[in-house]
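*Asks:* For chain U, the structure is supplied; the task is to place chains D, W and R on it using the hints.
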Amino acid sequence: MIATHYVYWLLFALMMIGLYVVISHGNMLKKLIGLSLFQVGVFLFFISLGKVDGGSAPIVSEDVETYSHPLPQVLILTAIVVGVATLAVGLALAVRIFESYGTVEEDQVLLRDADDREQDGGAS
Amino acid sequence: MTTFVLINVTLLAILIATALTISGMRTLYAATMLTALFSLVTACLFVLLDAVDVAFTEAAVGVGISTVLLLGVLSLTRSREAVTPRLRRLPGAVVVLFTGGTLIYASQDLPEFGSPTTPVQTHPLTDVYLRQSQEDIGIPNTVTSVLASYRGLDTLGELVVVFTAGVAVLALLGPLMQPAEAREREVLDLVDYRVLRVVTGMLMPFILLFALYVLFHGDFGPGGGFQAGVIFASGFVLYGLVFGLDRAQQVLPRRVLWVLIAVGPVLYAGVGVANMLLGGAFLDYDTFAPDDAAAGQHIGILLVESAIGVTVAAVMTSIFFGFANRVESSR
Amino acid sequence: MIFAVMAALLVTMVLALVRAFLGPDLYNRILAINMFGTKTVLFVAVAGFLFGRPDFLDIGILYALVNFVAVVAVLRLTHHDEPATGRNGDGHS
Amino acid sequence: MIVLEIASGVLLAAGALFVISGGVGLLRFPDFYTRTHAAGLTDSAGAGLILLGLLLQGAGWETAVRLLIIMLFLALTSPTSTHILAHAARRDGVPVWREGDPRR
Numbered sequence: 001m002i003a004t005h006y007v008y009w010l011l012f013a014l015m016m017i018g019l020y021v022v023i024s025h026g027n028m029l030k031k032l033i034g035l036s037l038f039q040v041g042v043f044l045f046f047i048s049l050g051k052v053d054g055g056s057a058p059i060v061s062e063d064v065e066t067y068s069h070p071l072p073q074v075l076i077l078t079a080i081v082v083g084v085a086t087l088a089v090g091l092a093l094a095v096r097i098f099e100s101y102g103t104v105e106e107d108q109v110l111l112r113d114a115d116d117r118e119q120d121g122g123a124s
Numbered sequence: 001m002t003t004f005v006l007i008n009v010t011l012l013a014i015l016i017a018t019a020l021t022i023s024g025m026r027t028l029y030a031a032t033m034l035t036a037l038f039s040l041v042t043a044c045l046f047v048l049l050d051a052v053d054v055a056f057t058e059a060a061v062g063v064g065i066s067t068v069l070l071l072g073v074l075s076l077t078r079s080r081e082a083v084t085p086r087l088r089r090l091p092g093a094v095v096v097l098f099t100g101g102t103l104i105y106a107s108q109d110l111p112e113f114g115s116p117t118t119p120v121q122t123h124p125l126t127d128v129y130l131r132q133s134q135e136d137i138g139i140p141n142t143v144t145s146v147l148a149s150y151r152g153l154d155t156l157g158e159l160v161v162v163f164t165a166g167v168a169v170l171a172l173l174g175p176l177m178q179p180a181e182a183r184e185r186e187v188l189d190l191v192d193y194r195v196l197r198v199v200t201g202m203l204m205p206f207i208l209l210f211a212l213y214v215l216f217h218g219d220f221g222p223g224g225g226f227q228a229g230v231i232f233a234s235g236f237v238l239y240g241l242v243f244g245l246d247r248a249q250q251v252l253p254r255r256v257l258w259v260l261i262a263v264g265p266v267l268y269a270g271v272g273v274a275n276m277l278l279g280g281a282f283l284d285y286d287t288f289a290p291d292d293a294a295a296g297q298h299i300g301i302l303l304v305e306s307a308i309g310v311t312v313a314a315v316m317t318s319i320f321f322g323f324a325n326r327v328e329s330s331r
Numbered sequence: 001m002i003f004a005v006m007a008a009l010l011v012t013m014v015l016a017l018v019r020a021f022l023g024p025d026l027y028n029r030i031l032a033i034n035m036f037g038t039k040t041v042l043f044v045a046v047a048g049f050l051f052g053r054p055d056f057l058d059i060g061i062l063y064a065l066v067n068f069v070a071v072v073a074v075l076r077l078t079h080h081d082e083p084a085t086g087r088n089g090d091g092h093s
Numbered sequence: 001m002i003v004l005e006i007a008s009g010v011l012l013a014a015g016a017l018f019v020i021s022g023g024v025g026l027l028r029f030p031d032f033y034t035r036t037h038a039a040g041l042t043d044s045a046g047a048g049l050i051l052l053g054l055l056l057q058g059a060g061w062e063t064a065v066r067l068l069i070i071m072l073f074l075a076l077t078s079p080t081s082t083h084i085l086a087h088a089a090r091r092d093g094v095p096v097w098r099e100g101d102p103r104r
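Protein chains in written order, with full-length UniProt numbering: chain U, 1 to 124; chain D, 1 to 331; chain W, 1 to 93; chain R, 1 to 104.
Pulled out of the complex, with its shape left as it was, chain U reads as follows (with noise of 0.2 Å):
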């Protein structure tokens, strides 16, 4: 088990740390490098499925029998430029956010709202 399986375990644990960064931290640009450390997670654990043991990159040669299978590594190719793009969309909004509050610190943005609606309340 543990000779076969080991990337896997090691993947899965780049994953948690991942997402624990994203739940457990309040600070937005924290939560993206969080977001793309499990999407690199996730990134290698698809390319891992795709090695075999003693093949070579999917690139057809003359003096090569054995190679690695070319469909993970297309879609984690795109999928990388898309993580790009929408890590930029969000660092766009983290900007934005920190224009208006003055904070990237999910609570203190949420404590923010949480008064604006008090002071709207008690005009009315």
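Derived from the structure by calculation, the hints contain no laboratory data. Even for Gly, the Cβ is constructed at its ideal location relative to N, Cα and C. Incorrect hints may appear among the rest.
Which bits of chain W does chain R cover? Going by a derived footprint, with three or more residues having C-beta under 8 Å, they are [claimed, not checked]:
#, stretch
1, 16 to 25
2, 31 to 38
3, 49 to 58
4, 64 to 77
Interface residues of chain W toward chain D, partial, derived using beta-carbon atoms under 7 Å [unchecked claim]:
#, residue
5, Leu10
6, Val11
7, Phe43
Sample of chain R residues lacking proximity to chain W, with all beta carbon distances greater than 12 Å (derived) [what the hints assert, rightly or not]:
#, residue
8, Met1
9, Val3
10, Arg98
11, Glu99
12, Gly100
*Replies:* Just chains D, W and R now, kept in the frame of chain U:
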């Protein structure tokens, strides 16, 4: 084989140690730099797991683009993380323990790592992609043939996602949304860095040449539209960082970038429509050269890869300009 | 011999990693990461020869390039508005 | 051919030695500037020797050209980055270590 396992375990251990340190760090600048290191290790692992194309993309994206964007945002916002109260961390720990336990329990059913008899390797599609593609499409890099031909529609979808993300960032941070109190721009003192400027000036043509090489050599080696686009973008990021944003925007005006962002999906979908007009299915490149399917595929893949390259490069560059404009105007 | 080089590279990676973790200031971290980057370039080159397919050295060229971009970005985007030295409380929490 | 193999082995061994000693230096030297020296050593001597050693393994001209390009690239970029790093550190007032100071 033991060599492989040793290297693999070492790199994974480095990766997990880095991730743990990142999660414990409250100075976000340091955390971001460790993210760059994390990406480098990931790219090494991709090379080790035979995913050379993915390693190419990960290195360019993770180190060249993500790090720059994160650093730019950090210089716009707070770079220190507040302490999260212990009570607030508890649900995260519970969720992580539960999910991790479930994953490890489920991993019993996963196929052995690296075994040639897994469902992935024995599926009939594997043979189509690895052997039959040589006759159907005739290019050695099967990743490119799967990306641009077999799964061309899927890739069109991905390109539209990148396009949408670019538009979203422009809508959030673009010139139409500049903060009202934008101050006068400070000219940065780069006088000290003459060596840097000379070296960057020397490197720029080679970077762009390298990007073109990656774009057109994608059929035979690792490379292709996504990678080339990101390399182009990191070249311009480097130029903008060293020579200042104004000069970079003179070389590559914003309006040109906006047009280029839209060119990619239009060209890609246009190829598909042209195929339909020629009597085939959407993105059926065979119709480009009815007598020689492989030649038709070659033309189609080249057009599609160029479309991807143009859009990815334009989106990444304009995202960088969007953030960097904020950085300069908020000083 | 190539295997020994690979082992040396991995050991050096770990050493650079420890320096990147310890800091204590921003510059030490960038230095460690820059060195780590060079080691990854060598890793790709050596791994190609070790596993018998040295045709993918393009990746090494790219690593050398992005490594440079990262160092320039860190210097350009941090040291103008942030205290970058250890004296202002940079480091572990 | 045997001569080439021996030469390649010697170069690789020397490169590995430089790389490791640079790594130890990066960890053990007392301050930023001395560490710059260690890092510069691995980046130039270590990397150069290893790449030269690989070049002599004889794997076709395509590989050789790429190895040379990597060498050229590293020879341009890594001294530049070390230089601007040290320059920026000096300007930011990172203090220089003297005999008897605590390690930083």
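*Asks:* Taking the hints in turn, state whether each one holds.
*Replies:* Here is how each hint holds up against the structure:
1. 16 to 25: Since three or more residues must qualify, the claim that chain R covers the stretch 16 to 25 of chain W holds, with 5 doing so at under 8 Å.
2. 31 to 38: holds (count 5)
3. 49 to 58: With 5 residues closer than 8 Å to chain R, the stretch 49 to 58 of chain W meets the three-residue bar; holds.
4. 64 to 77: Held - the stretch 64 to 77 of chain W has 7 residues with a Cβ nearer than 8 Å to chain R, which meets the minimum of three.
5. Leu10: 5 Å, holds
6. Val11: Since chain D brings no Cβ nearer than about 9 Å to Val11 (chain W), farther than 7 Å, the hint is violated.
7. Phe43: 5 Å, holds
8. Met1: Non-interface label on Met1 (chain R) holds, nearest chain W Cβ at 15 Å vs cutoff 12 Å.
9. Val3: 15 Å, holds
10. Arg98: 17 Å, holds
11. Glu99: 20 Å, holds
12. Gly100: Non-interface label stands for Gly100 (chain R): nearest chain W Cβ at 19 Å, farther than 12 Å.
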